[in-house]
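K.L.:
Build out the structure end to end from the sequences listed, making use of the hints.
Chain order of the listed sequences is A and B.
Positions 1 to 112 (this note's numbering) are the ones given, in order, by the first sequence.
Positions 1 to 111 (this note's numbering) are the ones given, in order, by the second sequence.
Honestly, the hints are just simulated from the structure, not real lab data.
Here are the simulated lysine to any residue pairs, SDA-like style, with alpha carbons at most 20 Å apart:
(1) B/36 x A/3
(2) B/98 x A/64
(3) B/64 x B/30
(4) A/57 x B/3
(5) B/38 x A/44
(6) A/57 x A/77
(7) B/56 x A/100
(8) A/57 x B/97
(9) B/64 x A/100
(10) B/98 x A/61
(11) B/38 x B/7
(12) B/36 x A/26
(13) A/57 x A/20
(14) B/17 x B/81
(15) B/38 x A/109
(16) B/98 x A/75
(17) B/98 x A/42
(18) B/36 x A/99
(19) A/57 x B/100
(20) B/98 x A/99
(21) B/36 x B/11
(22) B/98 x A/50
(23) B/98 x A/51
(24) B/98 x A/56
(25) B/38 x A/86
(26) B/38 x A/8
(27) A/13 x A/38
(28) B/38 x A/9
Heads up, incomplete: computed chain B residues facing chain A, CB under 10 Å, no partners named:
(29) 2
(30) 31
(31) 37
(32) 43
(33) 48
(34) 88
(35) 90
(36) 92
(37) 96
(38) 97
(39) 100
(40) 102
For every residue, glycine included, the Cβ atom is placed at its ideal position computed from N, Cα and C.
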Amino acid sequence: KAGVTQTPRYLIKTRGQQVTLSCSPISGHRSVSWYQQTPGQGLQFLFEYFSETQRNKGNFPGRFSGRQFSNSRSEMNVSTLELGDSALYLCASSILTGNEQYFGPGTRLTVT
Amino acid sequence: SQELEQSPQSLIVQEGKNLTINCTSSKTLYGLYWYKQKYGEGLIFLMMLQKGGEEKSHEKITAKLDEKKQQSSLHITASQPSHAGIYLCGADIIDTDKLIFGTGTRLQVFP
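P.N.:
Written as structure tokens, this is what we have:
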């Protein structure tokens, strides 16, 4: 069974631009969570989607948004990028909410 | 302050030595997960421990959950260079419905 895939793997953007990251969960997994990882803050929860509905949201500004499609694939969008948004963005899927999560390889975003 | 504290932050051991990493929660734990991460890559799921003093082993890695102390320990026996990486604990804790992660422990194993 294929693992969680994320695209693109690397991305370079400039301040003020917006970006969309994609995540395809493991087949059969209906919950997708997004995390931001930086050296200073560690791994921080962004949001979780289950059956196309946002179930939970972390403490991030409204510039960070996401959605989930009927096939469980998820996207997250960051608008008006700031230098501090440079990070590794990780997506994780699980069968249901509350089960163990399996992570993708991440998308490394660099904002210049 | 961090709800989930890991110690030590960094560990350098000689190949063949045993080591222990700890993860302590400031709140009641409902489930504890251990992950391993290679630098800049995704997290690899190692083990899940559920409330109740559970202990699990996989190859040379053993994890225990002490519910009284709200703490989990990850023990590696006879460490190898392949064990090197960042070990992260994640937890379901009371009053939150999202997974909280510790700050990570960077492990280096030298020959």
